[in-house]
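A.B. asks: Each chain is listed here by its residues.
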Amino acid sequence: MGEATATLPALRPVSAGDLRRRIWLVQVGFGALAVAACIGAPLVGPTTISLRQVFDTTIPFSQNVDAQIFFIARLPRAFAGALVGGSLAAAGVVLQALLRNPLATPFTLGVSAGASLGAMLVITLGVPITLLGSAAVPVASFAGALGALAIVYFLATMRRQGLSTLVLLLAGVTLNSLFSAVILFVQYLADPAQTLQSVRWVMGNLDVGSYRPILWALGPMGLAFAAFARLPRALNLLTLGPDSAAVRGIDVLRTQRVAFVSASLATGAAVAVGGPIGFIGIIVPHLVRLLVGADHRLVLPASIGLGAAFLVVCDVAARTVLSPMELPVGVITAMLGGPFFLWLLVRNR
Amino acid sequence: MRVTTRHTAAFLAALLLVIAAILGTQERPRAQEHPARIISVVPALTEALFAIGAGDEVVGVGTFDKHPPEVATRPRVGGLLDPDMERIFALRPDLVVFYGSQQDQIAQVTRAGIETFTYAHGGIDDTLSVMRRLGTRVGRASEATRLANAIDTQIATVRARLAGRDRPRVLMVFGRQPGALANVYASGGTGFLHDMLEAAGGRNVFEHVSRESIQLSSEAILTAAPDVIVELTYDDRMTEDTQEAEIAVWNRLSSVPAVRNNRVHLLLGNHFLQPGPRMADATEAIARALHPDAF
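Just so you know, the sequences run in chain order A and B.
According to this note's numbering, the first sequence is numbered sequentially starting from 191.
According to this note's numbering, the second sequence is numbered sequentially starting from 331.
By construction, these hints were calculated from the structure, which means they are not laboratory data.
No experiment lies behind these values; they were computed from the predicted model shown.
Worth double-checking, as some hints may not be accurate.
[As the list claims (entries may be wrong)] Derived CB-CB ranges, DEER-like: (1) G528(A) x P622(B): 51 to 57 Å; (2) Q484(B) x S367(A): 46 to 52 Å; (3) L411(B) x R438(A): 53 to 59 Å; (4) A490(B) x L379(A): 39 to 45 Å.
[Claimed, not checked] Cross-link-like lysine to any residue pairs, in silico, SDA-like; alpha carbons within 20 Å at most: (5) K396(B) x L430(A); (6) K396(B) x R441(B); (7) K396(B) x L379(A).
[Unchecked claim] Here are a few chain A residues that face chain B, going by a calculated C-beta distance under 8 Å: (8) P236; (9) I313; (10) R390; (11) G412; (12) L413.
Where is the CB? At the ideal position from N, CA and C, for every residue including glycine.
Bound-form chain A, shown alone (with noise of 0.2 Å):
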């Protein structure tokens, strides 16, 4: 579909009906490509079972090892691997869009440090272990994110009427830098098993045993999708410049302001339920944009669809090669990613 370049593509003019029927295809094709990795992903794995016990209601669930592996080994990690791989990717794209940058990603404006440190906290200092109903972990990372946001936030708007996306910029690097200095300091201060703990945390995993994390992350995740399903005519005018999507009657603050706060709550909710998982955020945007072209309202769909596909077969990996060993899934993803968008990138030029 559309012809691609390797760079951040121009919109082409296309009819409304076009159009129309590219989005549809654009939603049902990539829609289909993230139901059916979540369909697939819990038939494949180390261990063979048998779905017939696995839905077998005479075994009592409590004994039934193919249905544990099943509904808590396999299936939240499916699920977990679609939200975070759609909410990472999604992001990617937005914030791409709003600082105009390519290299953006949903780590850059220092939202997943925040959550880093909430959950390197938490593990070291070990206070709580349950936090609202949910594993502690989760839940303070997620508040760490929001730290970050607030903290992002001000900064960019606080000198002046209007959002300072190069303070944005700046801001979330340096909160970056501070926070990872934070972490380091944790760490120091922890006994060896729990550095090895926090290390390993931020590798990323999907691991999540059970759906109430899932649960916990569907509210802000939702709240950022319904936000970015209203954006992807102003993110195609912001591209342009601010000034000329002034001209063209996009509310360029209103917009800035939903894209920075949903693509940052997205972020948060999902770096809370897998970890900083690299490389999603800017590969899956980018490989979209060689397949479908440069509008948003293609790009965000086919994004979201792929971004969870993409993550959810490399969980799939994650948790087989290796077995009974776990790799680390953002390893995988950086892995399989890299040389494969490398190869895009060249055929196309």
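Following the hints, complete the assembly by docking chain B onto the known chain A.
C.D. replies: Here is chain B on its own, set in the frame of chain A:
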């Protein structure tokens, strides 16, 4: 001619004396004396030094050293990842005990003319031989041998007591994200944790994986279906409520026999994870958890 010969002989004798004197002064302080100022960044060996009576010579300890209580009075010089070299030099040690992986630090200290003793992880036997070697190095060979033999005997006694009993299949966990079944680290089929588990009358469910540590997915735990889960943690100040809550985290995997039969044990204390003089006590505690009726 006679005069010349006498002169030559005298000269040679003098030369020999000078050489002997130089060699003598160079050799004396190192080869015969034992270190008087020791720094150890390895908790297990710090503990061993105190246990063999070399505690007075220990002038600096690592960040993670907690045992014996006297270590609290010694300056801290960092640990595995962050040894503070300036601090180490300032304490004027004549022997520094490092981890084998701390190559840069070993090189720095060696350049400064300070001797080092290196430590590498291994099984129970490796640990005991390291203790004996350390004892010889600090001039307390007989004390170290006595300590190592005592540990050996105590472990052999545990083994003998459990001989002939059924060996439950055990998952030995030593790290996990608090409050969740995520990032679970367990002992593979090598190393002192595996050895302690075997000596304590258990069969490691991951004995076929020849690594000291493996990170497990929930699926691997469900498939392995251990009879007992022994979870070890450094944190010996964990409250009873937290302990109960952490054990309850396992309830999600209700098809695992250990969970179904309430055989998940949480054992607290750094002696489970640092193979030092209390290694036999740790082994016995694990044995009591696995075979409560044998004690």
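A.B. asks: So, for every hint listed, does it hold in this structure?
C.D. replies: How the hints compare with the structure:
1. For G528(A) and P622(B), the Cβ-Cβ distance of about 52 Å falls inside the hinted range of 51 to 57 Å, so the restraint holds.
2. Range check, Q484(B) to S367(A): about 51 Å between beta-carbon atoms, so the 46 to 52 Å window is met.
3. Separated by about 54 Å at the C-beta atoms, L411(B) and R438(A) satisfy the suggested range of 53 to 59 Å.
4. The supplied range of 39 to 45 Å is met by A490(B) and L379(A), whose beta-carbon atoms lie about 43 Å from each other.
5. In summary, the hint linking K396(B) to L430(A) is not supported, as the alpha carbons are separated by about 61 Å, beyond the 20 Å threshold.
6. Annotation: proposed proximity of K396(B) to R441(B) is violated, straight-line Cα distance about 30 Å (limit 20 Å).
7. A threshold of 20 Å between alpha carbons decides the hint, and for K396(B) with L379(A) the separation of about 14 Å falls inside it, so the pair holds.
8. This hint holds: P236(A) has a C-beta 7 Å from the nearest C-beta of chain B, less than the 8 Å allowed.
9. Below 8 Å, beta-carbon pairs count as interface contacts, and I313(A) has one with chain B at about 6 Å; its hint therefore holds.
10. Annotation: R390(A) was flagged as interfacial toward chain B, and the flag holds, the nearest CB pair being 5 Å apart, inside 8 Å.
11. Given hint, G412(A) at the interface with chain B, is violated; its Cβ is 23 Å from that chain's nearest Cβ, farther than 8 Å.
12. Violation of the interface hint for L413(A) is found here, the shortest Cβ-Cβ separation to chain B being roughly 24 Å, above the 8 Å cut-off.
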